[in-house]
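A.B. asks: So you can see what is in the structure, the chains are spelled out below.
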Amino acid sequence: MNLNHQLKILMFGWEFPPHNSGGLGVACKGLANAIVKQGATISFVLPKKMNCDNSPFKFIFPDNNSDGLEIKNIDSLLSAYVTSESYQKLLKNNKENGIYGYDLFNEVRRYGQEARKIALKEKFDIIHAHDWLSIPAGIEAKKVSNKPLIVQVHATEFDRTGGNNVNQQVYEIEKQGLSMADKIITVSKFTKKKVVRHYHINPEKIEVVYNAIKQEPFISPKRNFQSLKKGNKKIVLFLGRITLQKGPDYFLRTAKKVLERNSDVFFIVAGSGDMKFQMIEESASLGIADKVLFTDFLRGEDLISAYQSADLFVMPSVSEPFGLTPLESLLQKTPVLISKQSGVSEILSHSLKADFWDIDEMANKILSVLKYPALCQCLSENGNKEVKEISWQDSAIKCLKIYNQVLA
Amino acid sequence: MLSICLYLHAHQPFRLKNFSVFDIGNDSPYFDDEKNKEYLTRIVRKSYLPTNKILLDLIKNTNGKFKVSFSITGVLLEQLEKDFPEVIKSFQDLIDTGCVEILSETYYHSLAYLYSKEEFRKQINLHKKKIKELFDYTPEVFRNTELMFNNEMAKFISKMGYKGILAEGADHILGWRSPNFLYQPKGSKIGLLVKNYRLSDDIAFRFSTPSWKGYPLTADKYASWINNAHGNGEIVNLFMDYETFGEHQWKETGIFEFLKVFPYEILKNPENDFKTPSEIISSSEPAGELDYPHIVTWADTERDLSAWLGNKIQQSAIKEIYSLEKEIIAIKDKKLTEDWRKLQISDHFYYMCTKWFADGDVHKYFNPYENPYDAFITCMNIINDLKLRIETKKIKISPGFADTKPIIV
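Going down the list, the sequences are from chains A and B. Quick note on our numbering: the first sequence kicks off at 245 and runs consecutively. Quick note on our numbering: the second sequence kicks off at 8 and runs consecutively.
Don't read these hints as lab results, they were simulated from the structure. Owing to the predicted nature of the structure, the values given are computational and were not obtained by experimental measurement. One should not assume that every hint holds.
[As the list claims (entries may be wrong)] Residues of chain A clear of chain B, computed beta-carbon distances all greater than 12 Å:
#	residue
1	SER330
2	ASN409
3	PRO447
4	VAL452
5	GLU460
6	LEU488
7	GLN522
8	ALA533
9	SER593
[As the list claims (entries may be wrong)] Here are some of the chain B residues that sit facing chain A, going by a computed Cβ distance under 7 Å:
#	residue
10	PHE29
11	ILE31
12	ASN33
13	TYR37
14	ASN318
15	ILE320
16	SER323
17	THR361
18	LYS362
19	PHE383
20	ILE384
[Stated by the list, open to error] DSS-like, lysine-lysine: derived pairs with alpha carbons at most 27 Å apart:
#	chain 1	residue 1	chain 2	residue 2
21	B	LYS362	A	LYS474
22	B	LYS362	A	LYS615
23	A	LYS500	B	LYS394
24	B	LYS339	A	LYS577
25	B	LYS349	A	LYS615
26	B	LYS220	A	LYS501
27	B	LYS362	A	LYS577
28	B	LYS349	A	LYS478
29	A	LYS500	B	LYS349
30	B	LYS24	A	LYS584
31	A	LYS629	B	LYS362
32	A	LYS632	B	LYS349
33	A	LYS477	B	LYS319
Beta carbons are placed, not taken as given, at the ideal position from N, Cα and C, and that holds for glycine.
Looking at chain A on its own, in the form it has when it is part of the complex:
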């Protein structure tokens, strides 16, 4: 008899694939599905803009494979990676529906109130809230139910801003949630340290549960970047949101260094974000615009194709609590160079690592991978093997252990 059968979790998140804009949704889905497979049940509450529908929330059963996982949506303009500015834009475009908050923080609080209503109706044993947007919801649920609250930190305000211009209101919400949580989960030791240092939380209250990756069968997409590689040209890939946190500027400056020694390389920057135009200009002013190619946010086969075409994937993040993309890359057998300022570097032995600011060292490593086939092959084979051993099941088991400890 599995003890987890009785366990019912009320989970608050931001996004869920396929409607995701980044790794957070992928991680939430991976973890939630794996927890359900262990025998527990989850009500997963998400913000979602719902046109022409006055009911505050809605029940959806997205796929039959995940018995025990129930998605509940609250009508809201909140989305992952939202900022005060982007919220104002969204609000302008959705004026016809008067229920949304007048600014981001008002909307977050309103979302919390809606969550309270759900918490009053639902039966559950424990509350699990992912990141700051869902913290007010988690707190409200805890207040009305008296059930323990787990706050999982996928990223802090310090990661998102690179430590500059930390939004005080976001910080306050995070701080309040971390203080009120019965237990905190961080996605790496790297993030645990940040939570201890910046939020003054007792390290004993924090457990690390690493993210994982869903193992998909290997496919060969029809559309690919192979034509770029004619004449033995190489491809180095950056893939992620083009924001300060991801270090696209370091990527470009490294590219410049590499190109000075090896001009047969293309640097692909795949993704969108608030620094995109700045980066396009930067590549021009560095004089490497002909070697740097920008693509939009890639999905599905195009995403796989980008990984497969690349000779090396680079993640130069300034501050990366976990970092899913290197795992995706290694699943496609493309070796990775990752920032030491990342959580994923704690679990990947078969990868190259450098400080994000050390562009000389990154260039040294990129040049080496492109020059020595043996290095490329070893990193690819061993890295692929290593990633195949990472499973959501292990993360889910650790998570359930934490629930049971809190409930005991």
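Model the placement of chain B on the given structure of chain A, informed by the hints.
C.D. replies: For chain B alone, kept in the frame of chain A given last:
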């Protein structure tokens, strides 16, 4: 009679400096003198000096009944000469007792045997010269790096005039036979001593392991295990790293107290004595022939070279180094040749090992790199710098070489 043959291997490499692609062609140093001295200082203090003192006392206090043998690599001797002459002196004192045998090996603790017989021979002779120069001593018994051994190598060493050779007493070679006899390798008449790995590893690896059933290992318990060989053996070969004493096994484990006492426990039995490899070869008859068709080493559970040459980065780096042999030798530049030979030190390839985790603890020992790939990148950048130096020298030697395409890095 049962003869105990205690043999200790001492080696410390010249570790490489972190060498970036941007250092190529800039006369940047290859070796991390500071770090090498730092490691050596620690080992000298924790292991070499206290152990040599204990060994000398044992010889004196047993009136020469206790005997021990060493192999000391040329690259270690070079470092000791420069920074720790007192350690050289302590080895000299030991040799002066007449109870110590020094074995031959490659000066550079290299895998040269596998890539160039000519270079292998030269490095053995360089080591011989160094031992003669420092200790006025000429070795007669050979051991190769990591105790690697096969029939063919035995023939080569026999032809060089050595009367004995050491090897691992691997189960798959010995089969039903005991390691506790003198043997001959298939195809040559040289004396072959094989390591009793169980009794050797009891000290070298298991001494401080609380989960081991033999823990704690006391001198009388250990002597009783050795005495068990009476009746089915003539010798017990205890081969291990010198650094077992004080470094692999820290002082706090009681390893020094053990070393101080166990020879007396062994000598309590009048049917036991200590002998060096040469003495064993002179006094015993080979019990039979052992067949080592393939290379066998004393390393890891596999007893092979997979920790040095098991993956593609290791293989490509070492091939690259030996591919430069002809040019380097032709140029006849002392500094260039020495740098090239120091790149052959086996440790550089050991640091590139990716088969981690099972044997991970030993592999991490004094490893200056964060991961094996960094070790490879550093090594390859240095090789490329060396290639540039070769090209420069070639142009100087013969203007005709100037047409040769320079190596692009």
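A.B. asks: Look at each hint and say if it fits the structure.
C.D. replies: Quick rundown of the hints versus the structure:
1. With a minimum CB-CB distance of about 39 Å to chain B, A/SER330 clears the 12 Å threshold, and the non-interface call stands.
2. Under the 12 Å C-beta cut-off, the non-interface status given to A/ASN409 relative to chain B holds; the minimum distance is some 33 Å.
3. Every Cβ of chain B is farther than 12 Å from the Cβ of A/PRO447; the closest lies at roughly 25 Å, confirming the non-interface assignment.
4. The Cβ of A/VAL452 sits about 20 Å from the closest Cβ of chain B, beyond the 12 Å cut-off, so the non-interface label holds.
5. Taking the minimum C-beta to C-beta distance to chain B, about 25 Å, the non-interface status of A/GLU460 holds against the 12 Å cut.
6. Consistency note on A/LEU488: stated as away from chain B, and its beta-carbon is indeed over 12 Å from all of that chain's, at 26 Å minimum.
7. Distance to chain B confirms A/GLN522 as a non-interface residue, since its nearest Cβ pair spans about 27 Å, more than 12 Å.
8. The claim that A/ALA533 lies off the interface holds: its Cβ sits roughly 24 Å from the closest Cβ of chain B, which is beyond the 12 Å cut-off.
9. Chain B draws A/SER593 into its interface by the beta-carbon criterion, the shortest separation being 7 Å against a cut-off of 12 Å.
10. For B/PHE29, the interface hint holds, the least distance from its beta-carbon to any beta-carbon of chain A being 6 Å, beneath 7 Å.
11. Annotation: B/ILE31 was flagged as interfacial toward chain A, and the flag is violated, the nearest CB pair being 10 Å apart, outside 7 Å.
12. Of the supplied interface hints, the one on B/ASN33 is violated, with its beta-carbon coming no nearer than about 13 Å to a beta-carbon of chain A, more than 7 Å.
13. At its closest, the beta carbon of B/TYR37 sits 16 Å from a beta carbon of chain A; the interface hint therefore is violated under the 7 Å criterion.
14. At a threshold of 7 Å, the smallest CB-CB gap from B/ASN318 to chain A is about 6 Å, leaving the interface hint in force.
15. The beta carbon of B/ILE320 is positioned within 7 Å of a beta carbon in chain A (closest approach about 5 Å), and the interface hint is therefore held.
16. The interface hint given for B/SER323 is met, as the beta carbon of that residue sits about 4 Å from the closest beta carbon of chain A, less than 7 Å.
17. Interface hint at B/THR361: satisfied, since its Cβ lies 6 Å from the closest Cβ of chain A, which is below the 7 Å cut-off.
18. For B/LYS362, the interface hint is violated, the least distance from its beta-carbon to any beta-carbon of chain A being 9 Å, above 7 Å.
19. Interface restraint check: B/PHE383 against chain A, minimum CB-CB distance 6 Å, threshold 7 Å, status holds.
20. Below 7 Å, beta-carbon pairs count as interface contacts, and B/ILE384 has one with chain A at about 4 Å; its hint therefore holds.
21. Only pairs whose Cα atoms come within 27 Å are accepted, and B/LYS362 paired with A/LYS474 is rejected, the gap being roughly 35 Å.
22. Between B/LYS362 and A/LYS615, the direct Cα distance comes to roughly 23 Å. Compliance with the 27 Å bound is thereby established for this hinted pair.
23. The hinted pair formed by A/LYS500 and B/LYS394 meets the criterion: a straight-line CA distance of about 26 Å does not exceed 27 Å.
24. For the hint linking B/LYS339 to A/LYS577, the alpha-carbon distance of about 45 Å lies beyond 27 Å, and the restraint is violated.
25. About 24 Å separates the Cα atoms of B/LYS349 and A/LYS615, which keeps this hinted pair within 27 Å; it holds.
26. Only pairs whose Cα atoms come within 27 Å are accepted, and B/LYS220 paired with A/LYS501 is rejected, the gap being roughly 57 Å.
27. As the CA atoms of B/LYS362 and A/LYS577 are separated by approximately 18 Å, the hinted pair is consistent with the 27 Å bound.
28. A distance of roughly 34 Å separates the Cα atoms of B/LYS349 and A/LYS478; the hinted pair therefore is violated under the 27 Å criterion.
29. As the CA atoms of A/LYS500 and B/LYS349 are separated by approximately 34 Å, the hinted pair breaks the 27 Å bound.
30. For the suggested pair B/LYS24 and A/LYS584, the alpha carbons sit about 21 Å apart, so the restraint of at most 27 Å is met.
31. Only pairs whose Cα atoms come within 27 Å are accepted, and A/LYS629 paired with B/LYS362 is accepted, the gap being roughly 12 Å.
32. Distance check on the hinted pair: A/LYS632 and B/LYS349 sit about 38 Å apart at the alpha-carbon level, beyond 27 Å; violated.
33. Taken as a hint, the A/LYS477 and B/LYS319 pair is honoured in the structure, with Cα atoms around 23 Å apart against an allowance of 27 Å.
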